[in-house]
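J.: Keeping their order, the protein sequence lines are chains H and L. Throughout the first sequence, residue numbering follows the working numbering, covering 268 to 705 in sequence. Throughout the second sequence, residue numbering follows the working numbering, covering 6 to 697 in sequence.
Read the hints as simulated data drawn from the structure, not as lab findings. Every residue, glycine too, gets a C-beta built ideally from N, C-alpha and C. Any given hint might turn out to be false.
[As the list claims (entries may be wrong)] Facing chain H, according to a computed beta carbon distance under 10 Å, are these residues of chain L, among others: (1) 36; (2) 113; (3) 162; (4) 530; (5) 534.
Below are the chains, spelled out letter by letter.
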Amino acid sequence: MKKVGLALISLGLAGSLSAQTEIDYQLHTLDNGLDVILHEDHSTPVVAVSVLYHVGSKNERPGRSGFAHFFEHLMFEGSENIDRGQYMKLVQSNGGNLNANTSFDRTFYYQVLPSNQLELGLWLESERMLHARVDTTGVETQREVVKEEKRLRIDNQPYMSFQEEIFDAAFGGSYYGIPPIGTFEDINAANITDFEDFYNTFYVPNNATLSIAGDIDPEETLAKIKQYFGKVPKGTQEIPRPDEKPESLAEEKVDTIYDNIQLPGVFIGYRTPAQGTKEAYAVDMLAKLLSDGQSSRLYKRIVDEEQLAVTVQAFPYTLENAGLFITFGIVNQGVGLDSLVQSIDAEFAQVRDDKISQREYTKILNQLESDFVRQNSRMAGIAENLANYHVYYGDASLINNEIEEYRAITPGYLKEVAQKYLMPENRVVLYYLPENEQ
Amino acid sequence: MLKRITNLLLIITMTCGALTAQIDRSQPPEAKPAKPLEFGKYKVKTLKNGLTLILVEDHKLPRTTAYMVVDRKPVQEGDKAGYVSLAGQMLRQGTQNLPKDSLDKTIDYLGADLSTSSSSAYVSGLSKYNERLIQLLADVALNPAFPKEEFDKLKKQSLSNIESARDNPDQLSARLFNHTLYGGNHPYGELETKETLENIELEDCRNYYQKYWAPNRTYLAIIGDIKKWKTKRWVKKYFGDWEEKEVPQPQYESPKVPSEPIVNIINRSSSSQTKLKLGNTIDLKPGEADVLPLRLANQILGVGSMGRLFQNLREDKGFTYGAYSSYDTDKLVGEFSAGADVRTEVTDSAVSEFLAEFDSLRTQPVSSKELQGAKNYIAGGFGRSLESPQTLARFALNIERYDLPENYYETYLERMDKVTAEGVREAAAQYIKPEKLTITAVGKGAVIGEKLEAFGTVHYFNFEGDTVEAPNLPVPEGLSAQEVIQSYVKALGGQEKLDAVTDLTMHMNASIQGLPPTMEATSTVKRKRPNYYLNQVEVSGMGTVNKQLYDGEKGVVSGMRGTKTLEGEELAELKNSARFFIETQYQDLNYKMELTGAEMVEDQKAYAVKITAPNGLSHTDYYAAESGLKVKEVSSQETPQGNVTSVTFYGDYQEVGGVMFPHEIKVTSPQKVTLDVKEIKVNESLSEEDFQ
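If we strip away everything but chain H, and leave its shape as in the complex, we get (with noise of 0.2 Å):
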């Protein structure tokens, strides 16, 4: 045991940190309002051709959840010199992989291709950007489509309608109270002129961020971004950019969901402040001490030593006006839900009261690193976290020193973060019960 106690030691001297490759990245603005991020890496032969629209489910007007997900899909169905079905052949058969996410704050496109092939991403991105093309019969097809993804990711996997119901709790009303895939009502009454208002909205250079990364000239790249894009004409009009803050909740929201499970499970779900605040660092930091590995607090007491649950996990939700700490846990057989809700509490209630050791704050620090090393491993995550530096944070360069927003806080500063925000007065409840109790 004393041997081990002084490795740990050892360890902890060690710790300054060894110099981190830095990422380079240029950053040029097209007269359109385009943003152009560009990352040279020249180890591999592929490209990363990337853009970002400032769109997601937030900008979506009521009765219309889902849309900005639903149009997604459209953005695959082709354009004026792109057939119905030819988009993502281009990319495949060519060898490029392509996908596209969309979030509560952002919709995301990216294509991984041969660098060879970097024109054919530029000239598909800018087709997208310039001229996309709907039809009634991909609106059609696509309309099951997004319903069966609903159905695959929510409405058939046990627990999976939390994201619905927390949503609703802790931002009913507001722009996020809807996840982005949206209700089926809303998905179904969406239709075509929906379609041509959104795209003239949101889909115009000076709402997106174009970001490349990997076996690139720069200089050549930007030529050829310019002959691709430069011609995109700039929006007409405004876009709108909520950003009044969700209502606070006034008090501690419970409901019980009865839901096609086995096991009980609780969904608690804190209300915190946006992404990019020095509080939201702090919130990632109260998770990760919380449930990151098996000596975390939560996992190693309710998990490990009390044997409630078959897992529990605590993750940060930051979304661009505010955000969600989220806990979840499901008990293990025989286990009332009340136990486990209860060791939960006292974990958070000592987050409140009592400060960190500088052991455990090393080891949160030392996992942060780990994290932002492994996030820049491939030409797409630096081509994605580049553009998300550079929107939602204003600075791309977090890439390389994010880390040192991290740093800057200390074991008290987590200890008031925890006492603003993780208060049973701020969050909502959610108990999941097998359908057979009802």
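Place chain L on chain H using the hints.
T.: For chain L alone, coordinates are given in the frame of chain H:
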């Protein structure tokens, strides 16, 4: 001077040209010449104890990964299924040097990840901790403590996990597919259950580890920000004392292959989608020549959004969010499979599409464009995979483990390029076996079961892998057969309206399976109270081919083979057919009625009512839950040819004289006959003469 100016102008025009050059948007741009892929270097070394070490140096990120793979044959676990996997988890529960709590703290403190399975262990973290990472991996792999306390916890958790798996469609599907494809007595088809988990003792786990974990069966790969010489030294230091030993080499019989397609279903009544999987076993080992053509065939069929399955089932039909296929090469027995999560209503259509795609790939050569696209896709993926230094280690490991040629991966794309469309077709025809498919479905059994009968014999399974009865839809509590019949009478128009019908004439067109389309068949049915009955079938050019007549006393059947006066049971049957709305008389006639359940009939939920006559003959009627109308009738009869089941569907109800009559009657068994009602007349004052 002039020359200089001209040059300058030239430069200016050229620069402008570059900025404003018109690009041709109508076509995809030409690719530049492809860059050759560069393979990094790796090093393989075997230690004295037989451990094979693979080293890949890559300094791009300050990060290192080390993992070990124990190459052992699959283990049959029998009534303790689950112990091998539990043994793998036990390796992470503390070592003789570090109890679990300290181990957890150490790993997290380093910001590292460490995980174990029954045949592998993995660690990754920042390269500043390289020696510590290797030391931890060795400690976990060589000195596991197998603490009883942690074993009990894991066992308890496994029991909870197996409980929650009961509702998880992904897990249900994987269990059902493996169990029914490989069989319960094959290591790939064994299922963990509550019982088998409860049977596991700590000693089982320890024994497994001691028997199978040996340096001479182990590959250790270390990748990332390392120095080779230093790393080798650490490996010798921490793994060098591990002693070589002989490990068991169990043999297994090949799984039984079904002689015709089979359909296996787990009923999950809450499902909004059916999780479909179709597949067969294949005999194909890693590195064999057929792997490349099969990979291309599978690529074209079901990889990514370019795959035919995706294009057909998602982009064309909108049945699913994604449909894919895959194959596995394996030293013991490999597998081909395809699947999708489709919405319940289109389950059978989706299976048809899968089969059509299989068939097309097996019988028609793919186009050269499609083949080239598939090759490019694979080559692109190959190139992208080299972004990660782990890929190189994986290549090295496969070369060692499967005894592949040294340059297997360097020549991979070159060899793939030589595969022809005919080669792809042949591989598809050999390894995709529609006639021996195992089709599994997890979904609303009562809805999909009947529809899937078209594809093979249907069996239902439970979570444990045992066969069970076909599921029923729920029947509202307290509902009785009498009430179902009453709703039926009400739906027809009510007792009063039925009583008001004194006679009735129906003219129908009949389409009879096997009858040449040039010949038209018609049927006329006449009824008159109390029990006159005439049913006459005529075929153009042949006259009356069948006639049944009951005049209140005697029954006569005549046809092409002559005329027969009925007696006994046959007469009683015909007499019953002659009754007006017999359902309203069941009670008076002392028929027994029993509500046996509910199931889907075509697209609607229907209650099944078993009707037994006093003479013991019985049939089952199905009444739609929503409309109350009769939608189906099934009866069985013993005949000299054996038991013959007759199935009749009733649809397109329309009102005539205040009463609802079905205007489409489909007999699907024993012979397919569809009766299309052309006209119904009621109370036409039919006389006894009409029943001659």
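J.: The structure should be examined with respect to each hint, and the outcome stated for every one.
T.: Right, here's what the structure says about each hint:
1. 36: Constraint on residue 36 of chain L satisfied, holds at 5 Å.
2. 113: Since the shortest Cβ distance to chain H is 4 Å, the answer is holds.
3. 162: 6 Å, holds
4. 530: Status violated, d = 43 Å.
5. 534: 51 Å, violated
Against the hints set out earlier in the document, violations occur for numbers 4 and 5.
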